[in-house]
Amino acid sequence: MGNTTAEPLVNIQNLTFRRGERVIYDDMSMQFRRGKVTAIMGPSGIGKTTLLRLIGGQLKPDSGHIWFDGVDIPALGRNDLYQARKKMSMLFQSGALFSDMSVFDNVAFPIREHTKLPEEIIRMMVLMKLEAVGLRGARDLMPGELSGGMARRAALARAIALDPQLIMYDEPFAGQDPISMGVIVRLIRSLNDALGLTSIVVSHDVNEVMSIADYVYVVAERRVIGHGTPQQLRVHESPLVQQFLQGLADGPVPFHFKAADYAGELMELKD
Amino acid sequence: MLDKLQQLGAATIASVQGFGRAALMVLGALWGRPRFVKAWPLYIKQFYVVGVLSLLIIVVSGLFIGMVLALQGYTVLSKFGAEQMLGPLVALSLLRELGPVVTALLFAGRAGSALTAEIGLMKATEQLSGMEMMAVDPLRRVIAPRFWAGVVCMPLLALIFNAVGILGGHLVGVDWLGVDAGGYWSAMQANVDLHEDVLNGVIKSMVFAFLVTVIALHKGFDAVPTSEGISQATTQTVVTASLAVLGFDFVLTAVMFGG
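Residue numbers (the numbering used here), protein chains in the order written: chain A, 1 to 271; chain B, 1 to 259.
These aren't lab readings, by the way, just hints derived from the structure by calculation. The reader is advised that the hints may include incorrect statements.
[Unchecked claim] The following label-pair restraints were derived from C-beta to C-beta distances:
1) A:P118 / B:Q232: 43 to 51 Å
2) B:G20 / A:T115: 46 to 54 Å
3) A:Q58 / B:A39: 42 to 50 Å
[Said to hold, decoys possible] Residues of chain B clear of chain A, computed beta-carbon distances all greater than 10 Å:
4) W40
5) S129
6) G130
7) M134
[Unchecked claim] Simulated pairs of lysine-lysine, DSSO-like, Cα-Cα distance not exceeding 30 Å:
8) A:K60 / A:K48
9) B:K38 / A:K87
10) A:K86 / A:K48
11) B:K4 / A:K116
12) B:K38 / A:K116
13) A:K87 / A:K48
14) A:K87 / A:K60
15) A:K258 / A:K87
16) B:K38 / A:K86
17) A:K60 / A:K86
18) A:K48 / A:K116
19) A:K36 / A:K86
20) A:K86 / B:K4
21) A:K86 / A:K116
22) A:K60 / A:K36
Virtual Cβ for every residue (Gly too), placed ideally from N, Cα, C.
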């Protein structure tokens, strides 16, 4: 496996993953190209976060390959997996900041864990990362004192602390007010381009995703139902893709949860 | 009948699986070269949180238990004119039984429940996952310092409990009820054996320390990451740890002092 730019950084081949009896993914394949922002969209509850955990090696698929920079993640032993993880990072939905450390120490955490750099250099690195997300002034605050949007930005600074190749965003827009949403949308794009990252964004916020993604996969019913650039997707012929993109209440995904016949059930009550 | 049998089987399998996961957790935390040099601030912090902050409850309880022992013991002993045996009575009860056991129960309630809740919440807020994704092993980073803090601190707390309890006994027996001070100490000196009594008590509290700490860490690490799951895990820590301590106390007592 070479490091050529043509080679996708992450290549998922024929992935099948079950949780107990339930099949989450059935023979699914996806490619994430280097230097691009690739989005995975889909209705909630289809295991988008699960996919990120599979790429991160926290879960093992039942079958299939997940190639990351030339190594097959599910086949790695513990030490190799930890080595591979140093090249990727993940922004959790909750931010997952360590609540017993200040913002500064949170961002310094991966640097201190993985390098033996002197404290002055760590300070410089941390301040640079915090400046990039606009939180240099908040370095002495504790995570509990941050707003939701600020916490996510602080977590983002931590995620890029060691200049990873890959950064995975788990629902980065969920529960954000319009202003911090705009800030995060801009940050994802600008960090990706400025740092030469490869980004995977998992989200169901259609407009935000369509505005920054280079390529989009729409996942539903255990498989990819449509993929392409945002322009291609807007004219995609699949009714399911269109229902999702336009946010229609009824369509191939029914508004009603599976139930017995309505009239029949109402009559039953009378008896 | 078959249903009951099946439930019993399922419960047995579940608890054996629990033992397995707890053992894996401890092995994972202790495997490999310990990083005391780089991680010493973490260890200091946990020793403070787990050990030093438990001091107050241990000292106060020890004092009162010693005082009660002296009060109760005096009533019986004075009937036989054996008040001078109050010293050994207080010391032996504390060193052999009450010190290790009560310390372990208090420790489970004070530090054990806090450990479970803390780790459970770290799990629920994805801090443990986040650490894993940053290529930092949460077992080594989070579990190991807490494990050592619990295992080292609890026997020390039990010794402090004993010492304070003996002073409490002195307070009531000698200063209040008028037992001869020299008699209190010299009878204690003559009747308490370093090996038989003090050391066995320390061994007991080391076993309890391991039990309580591992149960607390395991329950937190295995908690269902919801608010309900964490509250259940915390309760389970206190209940399971207390029962384990009392059960093992009987076994250890039978082995050490029984024959």
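At the C-beta level, are A:Q58 and B:A39 separated by a distance inside 42 to 50 Å? For B:A39 against A:Q58, whose Cβ atoms are near 23 Å apart, the range 42 to 50 Å is violated.
Status of B:M134, Cβ more than 10 Å from any chain A Cβ: Since the minimum Cβ distance to chain A is about 5 Å, B:M134 lies within 10 Å and the statement is violated.
Is the straight-line distance between the alpha-carbon of A:K60 and that of A:K48 30 Å or less? Distance of about 15 Å is within 30 Å: holds.
Would the hint linking A:K36 and A:K86 be met if the CA-CA limit is 30 Å? holds (20 Å)
Measure nothing beyond the straight line between the CA atoms of A:K48 and A:K116; if it is 30 Å or shorter, mark the hint as holding. violated (36 Å)
Checking one constraint from the list: CA of B:K38 to CA of A:K86, max 30 Å. Satisfied? holds (19 Å)
Verify the proposed pairing of A:K87 with A:K60, using a straight-line Cα cut of 30 Å. It holds: about 19 Å lies between the C-alpha atoms, which stays within 30 Å.
Least C-beta distance from B:S129 to chain A larger than 10 Å: violated (7 Å)
Holds or violated: B:K38 and A:K116, Cα atoms, limit 30 Å. With Cα atoms ~10 Å apart, B:K38 and A:K116 stay inside 30 Å; holds.
Given the hinted pair B:K38 and A:K87, is their Cα-Cα distance within 30 Å? Roughly 22 Å between the alpha carbons, so the hint for B:K38 and A:K87 holds.
Could one say that the CB atoms of A:P118 and B:Q232 fall in the range 43 to 51 Å? holds (46 Å)
Look at the Cβ atoms of B:G20 and A:T115 and judge whether their distance stays inside 46 to 54 Å. Since the Cβ atoms of B:G20 and A:T115 sit about 36 Å apart, the hinted range of 46 to 54 Å is violated.
Going down the numbered hints, you'll see the structure goes against 2, 3, 5, 6, 7, 11, 15, 18 and 20, while the others check out.
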